[in-house]
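Peer 1: Following the hints, complete the assembly by docking chain L onto the known chain Y.
Protein sequences appear in the order of chains Y and L. Take the first sequence: its letter number 114 is residue 124 in our numbering, and every next letter is one higher. Take the second sequence: its letter number 8 is residue 18 in our numbering, and every next letter is one higher.
Hints are not guaranteed to be accurate.
Since the list gives no way to pick one copy over another, a pair counts as held whenever it fits inside one copy or between any two copies.
To be verified - Straight-line C-alpha distance at most 16 Å; calculated EDC-like pairs for lysine to aspartate or glutamate:
hint	residue 1	residue 2
1	Lys13	Glu34
2	Lys13	Glu99
3	Lys22	Asp78
4	Lys30	Glu18
5	Lys13	Asp78
FYI, nobody ran anything at the bench for these hints, they're computed from the structure.
There are 2 protein chains.
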Amino acid sequence: MQKINLTEKLSKFTAHWSPKLIAELNGQHVKLVKFRGEFVWHHHEHEDELFHVVRGRFRMEFRDRIVDLREGEMLVVPRGVEHRPVADEEVCVLLFEPAATVNTGNTGGARTVVQPDWI
Amino acid sequence: MQKINLTEKLSKFTAHWSPKLIAELNGQHVKLVKFRGEFVWHHHEHEDELFHVVRGRFRMEFRDRIVDLREGEMLVVPRGVEHRPVADEEVCVLLFEPAATVNTGNTGGARTVVQPDWI
Chain Y
11 MQKINLTEKL SKFTAHWSPK LIAELNGQHV KLVKFRGEFV WHHHEHEDEL
61 FHVVRGRFRM EFRDRIVDLR EGEMLVVPRG VEHRPVADEE VCVLLFEPAA
111 TVNTGNTGGA RTVVQPDWI
Chain L
11 MQKINLTEKL SKFTAHWSPK LIAELNGQHV KLVKFRGEFV WHHHEHEDEL
61 FHVVRGRFRM EFRDRIVDLR EGEMLVVPRG VEHRPVADEE VCVLLFEPAA
111 TVNTGNTGGA RTVVQPDWI
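With the rest of the complex left out, here is chain Y (with noise of 0.2 Å):
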C-alpha cells in the first residue's frame, strides 16, 4: 500500500509503445506508456480500454473519424474497436484495463507486449 507518483514513475522508463505496469486492482491493470509517431492499427476482442493523457497530447484514430486527446483527457475504447493511437510529438498516457490485455490486440507484430514489466 504505497502511494504511485506519476511523474517519478514516468522518468523511469524512455522507450515508446512499452507499456509499463503500476497499478493492479480487481482484476485490471494500471499502465503508463510514452507514444511516439504511428502505432499499428489493432482491436480487442474481449477488452474495453481506457486512454488518460497525463503529459502531451496525442490522436486516436478510429477507421471514420479521429480524436484528439489532450493532458487531463480521457477516451474510452470500446472492445471490437478499431483504434490507433498516433502522437507527432512524446505523451504520455496512463491506461486503465483488463489484466489480460495485449497491446496490439488482435494485430500482433514487433511492438507486441505480452507481460509489460512493473516499474
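Peer 2: Just chain L now, with coordinates in the frame of chain Y:
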C-alpha cells in the same frame, strides 16, 4: 465514444463526498469526487479501490498509518482494509473501482450513495 475532459466534468458539481460517474468499462466505474473534511471509517468486502488526485491534496487514514496524497499521486486500497479519507481543503479525486462499489462500504449511513449520477 466521446472524450472526457476532467476540468469540464469537475465544473458540473460542487457537493462533497458524492461520487459522479464519468466512464464505465469492463464492469468498472470511473468516478470523480470532491472531498472536504472527514469521511466515515469503512472498508469494502469485495472491491479494491484506486484513488488518483486530480487537484489538491488529502490524506488517507488507515488504522496503523496515514498516507498523504497530492496531485499526480494515486493509491490502491485493497479490499478488506479499513480506511478514511480526510481533506483539510477541497480535493478533486478520480476513482477507479468495480461498478458495484458503494462509497461508504460496510459502514453505510447518511453519506451513502448507492447509485451515483452520470455527469
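Peer 1: Can you name, in rising order, the numbers of the hints this structure does not satisfy?
Peer 2: 2, 3
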